[in-house]
Amino acid sequence: MIAALRKELLLQWRTRAQFMAVFVFGASALLLFSFAVGPNAEILRQFSAGFMWLGLLLSSTLTLAESFHAEMENRALEGMLLLPANARVIYYGKAIANWLQLVLLGFALVPVMVVLYDAGTTRLLSLALVIMLGAAGLSAPGTLYAAMTAQVRSKQTLLPLLLFPLIVPALLASVKLTSLIILGDPMGQLSSWMKLLTAFDAIYWSLCGLLFGRVVEE
Amino acid sequence: MIRNVAAPAIEAMNVARRYGRRWALADVTFRVAPGRVMMVAGRNGSGKSTLFRVLSTAIRPDRGWAKVGGFDVEHEREDVRQRSALLAHQSYLYESLTAKENLDVVARIIGRNATAALLDRVGLAGRANDPVSTFSAGMRKRLSFARALLQEPRIVFLDEPYGQLDPEGFQLVDQVIRELKESGATVLVATHQVDRVAGYADCSITLDAGRVIGTSGELE
Chain W
853 MIAALRKELL LQWRTRAQFM AVFVFGASAL LLFSFAVGPN AEILRQFSAG FMWLGLLLSS
913 TLTLAESFHA EMENRALEGM LLLPANARVI YYGKAIANWL QLVLLGFALV PVMVVLYDAG
973 TTRLLSLALV IMLGAAGLSA PGTLYAAMTA QVRSKQTLLP LLLFPLIVPA LLASVKLTSL
1033 IILGDPMGQL SSWMKLLTAF DAIYWSLCGL LFGRVVEE
Chain L
71 MIRNVAAPAI EAMNVARRYG RRWALADVTF RVAPGRVMMV AGRNGSGKST LFRVLSTAIR
131 PDRGWAKVGG FDVEHEREDV RQRSALLAHQ SYLYESLTAK ENLDVVARII GRNATAALLD
191 RVGLAGRAND PVSTFSAGMR KRLSFARALL QEPRIVFLDE PYGQLDPEGF QLVDQVIREL
251 KESGATVLVA THQVDRVAGY ADCSITLDAG RVIGTSGELE
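So the protein sequences, as listed, match chains W and L.
Sequence positions in the first sequence follow this note's numbering and run 853 to 1070.
Sequence positions in the second sequence follow this note's numbering and run 71 to 290.
These aren't lab readings, by the way, just hints derived from the structure by calculation.
Every residue gets a Cβ at the ideal spot worked out from N, C-alpha and C, and that includes glycine.
Treat the hints with care, as some may be off.
As the list claims (entries may be wrong) - Computed spacing ranges between beta-carbons, pair by pair:
no., chain 1, residue 1, chain 2, residue 2, range
1, L, A184, W, L1014, 38 to 48 Å
2, L, A186, W, R868, 24 to 34 Å
3, W, T973, L, D190, 50 to 60 Å
4, W, L1013, L, G284, 43 to 53 Å
Stated by the list, open to error - These stretches of chain W come out as covered by chain L in the derived footprint (C-beta under 8 Å, 3 or more residues):
no., stretch
5, 858–867
6, 926–939
This is chain W alone, in the form it adopts within the complex (with noise of 0.2 Å):
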């Protein structure tokens, strides 16, 4: 796996100016965002974990339906599958990569929030990792889903369409907790919430990985 991983980050560091393309994406939807609420800070603040975990959506079709563009020219996706080697192996492969490259998104997004809508916290390595977690919760079924319709004329379309209403609880989640570590827990929310994504996280990572081999084999 170790293999299949250094080649999806070689992929994406030769067209690495696409990740600064995507980051520009997310940032403008926070900005667009910040402009449709007005300037009334304290709303602001409140929506500011929805609007970055939006951003962060958005952005991340993109990023995904990008990760199988080099594989389906000279269908070199065909060729990875026919080398003696697990589906699984090129599956955990492209899933982590486009992991780090939504948890780097992720960081990046979180200054642009807390210049955008006042949204600041010292509880940075809880929010590191509930963008961590969720982003775990938006790579796994988004790389299956970006394979299954990388083949497709309307990806950027279909993509989405069939990504969004199955992640809605990884997403529920990271805004929750986002927005518990910005805004104050004083009900103890946290762990209840941090099971659940968690719980969501090991499902999807293991489903996936298992299903990726039937989805994209003819």
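Using the hints, position chain L against chain W.
For chain L alone, coordinates are given in the frame of chain W:
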């Protein structure tokens, strides 16, 4: 290792495959003994590539069955992949990676380590660190050849190996196939270069509209 040395290296029985409502392969049956070179001839669209894609486990047959190295292409895909390699129409290469990186990716995944020697063998040692996106069609074909050979397959499917190559490349393909044959590998060559391949092939089949319309030589 082939499962049973007495068994044919490749066996196809009534193999059929369709795309939509069109049958690309219809009841293709043949057997090839280990160590033979078989030519698969036929016009464009006759089913040669589909046959190779079925035998290499890229796609499943809709009817019939096939065994490669004694393993069923539908139910024992990983075993087939352990023993075979496909040089396809598509290069299977990553455009943004260099020639060496493309081979290194495969080498690491399958646990091999001879990329420099292979690049030299296909005449690309001087362009090892150039991205594939800067390569001509012939250079891509050479690199794809190296990628297939990297797997050290006992059964090799070469789909139009001479396509897009220069005369020097033709000689390279001839030499590699001869070496594969000498090493005991079974080689299937789909080609329009019938006269050239007939010079070294042990047997051949001709396809038309997905059916075998002619055989020559001793298939098994």
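We went through each hint and held it up to the structure:
no. : hint                         : in the structure
1   : L:A184 - W:L1014: 38 to 48 Å : holds, 42 Å
2   : L:A186 - W:R868: 24 to 34 Å  : holds, 27 Å
3   : W:T973 - L:D190: 50 to 60 Å  : holds, 57 Å
4   : W:L1013 - L:G284: 43 to 53 Å : holds, 50 Å
5   : 858–867                      : holds (count 6)
6   : 926–939                      : holds (count 12)
In summary, the structure agrees with every hint in the numbered list given earlier.
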